[in-house]
Amino acid sequence: MSINDNIFLVILASAMFYGTPLVFASLGELLSERSGVLNLGVEGMMLLGAVAAAWVSTNVGGPAYVVLPLAILASMVAAGLGASIHAFLTITLRVNQIISGLALTIFAGAAGLSSYLAGIWHLGQGPVRHQFLKIDVFGLADTPVVGPLLFHQTLLTYLSWVFVIAASVYLFRTRMGLHVRAVGESPQTADSVGIPVARYRYAHVIIGGSFSGIAGACFSLMIVPIWVDGMTAGQGWIALALVIFGFWRPDLTLVGAYLFGALSSLSLILQSRGIQISTAFLTALPYLMTIVVLVVVSNSARRKQLGAPAALGKPYEREER
Amino acid sequence: MNRFRLRLEPRSDLPKWLPWAVPVGSFLAALVAGAVVLLITGQNPISVYARIVDRAFLSQGAFTGTLISATPLLFTGLCAAVAFRIGFFNIGGEGQFVMGAIFGSGIALKMGADAPGVLAVVVMVLCGALGGGLWGLIPGILKARFRTNEIITSLMLNYVAAVIATYLIFDSESFWRELTGSGAVFPKGKLIPDVAWFPKLDLGSIIVPFGFLLGMVIAGWLFVLQRKTRFGFEMRVVGGAPTTARYAGMRPTRVVIAVAALSGALAGIGGAVDVGNFRHVLDPKGLQQSGFGYAGIVVAALARLNPVAVVFVAILLGGITNAGYALRGPDFPAGLVGVLEGLILFFTLGGEVLARYRISRTVRLGESDKALEPA
Chain C
1 MSINDNIFLV
11 ILASAMFYGT
21 PLVFASLGEL
31 LSERSGVLNL
41 GVEGMMLLGA
51 VAAAWVSTNV
61 GGPAYVVLPL
71 AILASMVAAG
81 LGASIHAFLT
91 ITLRVNQIIS
101 GLALTIFAGA
111 AGLSSYLAGI
121 WHLGQGPVRH
131 QFLKIDVFGL
141 ADTPVVGPLL
151 FHQTLLTYLS
161 WVFVIAASVY
171 LFRTRMGLHV
181 RAVGESPQTA
191 DSVGIPVARY
201 RYAHVIIGGS
211 FSGIAGACFS
221 LMIVPIWVDG
231 MTAGQGWIAL
241 ALVIFGFWRP
251 DLTLVGAYLF
261 GALSSLSLIL
271 QSRGIQISTA
281 FLTALPYLMT
291 IVVLVVVSNS
301 ARRKQLGAPA
311 ALGKPYEREE
321 R
Chain G
1001 MNRFRLRLEP
1011 RSDLPKWLPW
1021 AVPVGSFLAA
1031 LVAGAVVLLI
1041 TGQNPISVYA
1051 RIVDRAFLSQ
1061 GAFTGTLISA
1071 TPLLFTGLCA
1081 AVAFRIGFFN
1091 IGGEGQFVMG
1101 AIFGSGIALK
1111 MGADAPGVLA
1121 VVVMVLCGAL
1131 GGGLWGLIPG
1141 ILKARFRTNE
1151 IITSLMLNYV
1161 AAVIATYLIF
1171 DSESFWRELT
1181 GSGAVFPKGK
1191 LIPDVAWFPK
1201 LDLGSIIVPF
1211 GFLLGMVIAG
1221 WLFVLQRKTR
1231 FGFEMRVVGG
1241 APTTARYAGM
1251 RPTRVVIAVA
1261 ALSGALAGIG
1271 GAVDVGNFRH
1281 VLDPKGLQQS
1291 GFGYAGIVVA
1301 ALARLNPVAV
1311 VFVAILLGGI
1321 TNAGYALRGP
1331 DFPAGLVGVL
1341 EGLILFFTLG
1351 GEVLARYRIS
1361 RTVRLGESDK
1371 ALEPA
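Protein chains in written order, with our numbering: chain C, 1 to 321; chain G, 1001 to 1375.
Some chain C residues flagged as far from chain G (calculated, every beta-carbon gap over 12 Å):
id	residue
1	S14
2	V67
3	R173
4	Q188
5	I226
Between beta-carbon pairs, the in silico distance windows are:
id	chain 1	residue 1	chain 2	residue 2	range
6	C	I165	G	Y1049	46 to 54 Å
7	G	E1009	C	I165	42 to 50 Å
8	G	F1186	C	A233	16 to 24 Å
9	C	W161	G	W1020	51 to 59 Å
10	G	R1246	C	I165	41 to 49 Å
Some chain G residues close to chain C (C-beta under 7 Å, calculated; not the full set):
id	residue
11	T1153
12	M1156
13	V1160
Everything labelled a hint here was simulated from the structure, so no lab data went into it.
Note that CB positions come from ideal geometry on N, CA and C, so glycine has one too.
The shape of chain G in the complex, shown without the other chains (with noise of 0.2 Å):
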């Protein structure tokens, strides 16, 4: 009896087109499944993926959703992309997101309606990745000085943080609560006041959000961060080789310190930004169902772990999620958002692998087959 094995071996040479192709290709792929799986169940995947494109980019309004949606995923997908690269895997920025939101909020309620407009935006940025950046720094120093793995603790911090908004709105009568008015009776957060307001830029027939414009340049700005600078190199150095780094006279565990704050600082300004530009309240709820951070770590995944590639794929999947929110309803089968998805995220993960190995099949020969066998 033949038996079949599938074997990897190493690409000894990348052809140019490899790095591009892999992504494309995989996201192709990942439609096909996607496509399987809804002609399984019973719906018709060219009109479901035809209604996702329509309501995510083409209809009139539909990009400019898109770019709402893709704002906190590119923040997120930052986050997770700074600190997977240095293989500091920051589960957290759920929780990271969260803080920002809580800090970013309590500083507009606080400057109040006098504060001058621009001077507001800045400091609910800033204190958002204040907030956001301590959160992180809490499993990067656990991780720097007792090597506890940031997996866990980070994971665990997003429940606590989310426990923490739920308990300013919800179980206390905190500063950031409404509790005069509609407040008195359904618990919800104070709205943040007009000048707090993050501006829109209008471009006609598309609405690009503030937000929006702040991620893309914190992403170009990642960009040369780790091609062009030392701190870059030395997050290169302390992500590919820890040993080699020490021996070159770095500090692997200040590098994986600076790191988690940086990462935690990015998606708390997308917390912020989330407050300013599009909730202007405290929402623990709705921060809650939306599951930005994890969403995050599959644009990062997605983006192959480089910063302005996560600005492209956020798009991409914030139209998909915008187009998921819009077509909500009993013709358009939820959870199909999380489906494409988690495709798109396994094709990748071995579309990655196609590119780095070359896979051969063995046929290894059984007893009875021996005879072939040369001598």
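This is chain C alone, in the form it adopts within the complex (with noise of 0.2 Å):
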């Protein structure tokens, strides 16, 4: 038995695998609230990726390399143009930003739009024709140890570490990333100096609604290669607890998103090894657990060091200033 089957290995390995939507939706949902706007339609928007990913994978002709990026393309678009309503909505409109997220993902989660366009697009009726499944990196898979974590993913989990590290860069090395932290923490103050909030706001909620297309393009396309009428099962609401559990962080919260995806793989893993442990408790960990750091980061002068921003949930009117 190779050091590759150690359970902790295994468990790791899986955590990376199943974690990875997390870290684009929590990506995604980040970038929004960086800006000051809180966007509970990260469920909603996920499934639309994760239709419009499995309707380009099954019905669009060529080889995978071009289809697959098409894939990811529409998945993108799909939720972007959900994002975009709750931009109009919130921004423009200033509606109440809890509300229009919450109307978001019903419009377009698991019994709306998302399950109507699967009905009429007669997806589900079969896996879906390009999926993306694990590659074995320069031949480096089965290396002791590194292998199996680092040279044995699929592409999309690749792509989540170039888009947090492009993410953390973005936020915290650029003059843009400057300015979107200015628009969340302070709009007037970010407008004073000539800042367009607006459009940043609404740049940072499409873009990010585009992030959860891309998580649920992870579903149809890579852990469940088959159209499932609410197939996230609530990823999404995890992907906003995980924003404030990695402290509005890019690295933290992808290190959170592996956590949950640790905890969700590891009751299936512990039963195939025979070790008997209630699966319900493992279950109900990871809420249990964001839970209690919520309680531990509410404090209002703890959230502030630790990076909530302070205009979140706030819409800026310009006449108040």
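Reassemble the complex: the two chains are provided individually, in unrelated frames, and hints are given to aid placement.
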């Protein structure tokens, strides 16, 4: 038995697999929240992305290396369109962000547009034609320890790493990133130095939403490569919690996503090895942990220190200045 | 180049008809938008809508089915309406509903077949309220004590409640689970005894479930509570201006905790009613699929958080849901119910803004048009 069958490595590797959609979704939500807009529509946008990606993968002809990027693109456009509804309502019309986000999830979600489109397109009758498979990078998949973790993942997982690094650099090392954080922290101040608040918010809500689309595509093209209504199974809500869990930082959000990924795959792995453990407890654990973390970070002084955007959830009215 | 921008200006005067016209107008606009979706996807909107209206309200027995679908929405709608009114965003109606179902079915099984019917019904309702209320209390206390964001905590507790219900039926040999007969092969809940089945009011062509009547009474009580009592006044002040409330000697944290428990209790009663009136078992899968808690938020928002309006909106959305069930099949688009609900909510939210603000379009003159500007 090689060291790569070690139970911790197996759990870690599958955590990265199952955690990948969470990385994309929480990263997108993080961008939106950093600009000051809370979007509870993640679950709905993910399903829009999942259904769009499934359609492209099933119906567009051509080799996988053409179809799969197109499918990802389609998922981003579909989810981005969903996000733009939320952006218009909350930024231009200054509607309550909580209710608007919920409306988006109901509109697009498991009993909404995503299932409507899937029905009309006759998806779900068989697996999608092209899917993302684990690839053996440089033939290093069997390398002890690092092989299964770093060199035997799907392209989407590698893409998510690129996104996390890019988002970190963008937010904390570029002028535009500074502007975004300013808009989320104090739109009045940002406006007074000439940063276009509304434009920044629109851009980040829509781009953040399109990340949720990729998260959905992870489900329909990678994890469960066949369309099922409501296939994201509430992971969009977890992504919302992960943003807080990761203190609004891309790198920590990735850690949180893998932790949740580990917990959701743990019970299956343990059972397959004959270790009896209450699945109910393991399933409930991530949710309970989130609540505990939320309580810990909810002290407002600590919140600020940890990176919570001060203007999160508040509409910005220029006239109030 | 001219640039148009939308600007919102607060309305100084509110015409009397506006609060009524806005929801109605929004609803109609949502139907038009839904028709566009149907047209684009090759469906005939008129025939789809006609079938919905027929199966929701007009055809034989349709209204009875609509009331059945409306009953859980009525309770979760009240749950959201009460909490949102004070700015406590309880998204946990779903979990509180499930806890109410667990408590309600549990006590019904415990009391057994010998309990007097009236007592069984009353005790079930109270236990449902207790279960949901306790579950709602958790985010309430966390919000009041630690200022923890109630949206995420109540949301997480939805999943915990679902896990508990699933555990009771599928992963354990609990008191709730049927272990004999077919239950030994396929996990399912124990049927509650007949005495605990809630009555139904037979009006000839329409059968009104007891749960719906109860919900109507509670809605009326909440309306009075909010308008006519000291507690209702405190709720309004805390919801509108927490700082003012503190200066006035009120204790916002107490109000938040009380409302959180009340809100949870309302959803919990809904859960007990769902068991007593319709399902008669604890059915985790069915509860999870129906998503009553989230739909309740739609109901509350459309009813502009008014408890009495919740009753009517619940019937309306219950009708759409009921028609969605009845028409489910290859020639009726799945997911249309959610699309319509979402659109109604989007348009209501947008419509609210139109009611409160006047929209003016300002034209900003670009560089090339500077000459046109008056000096």
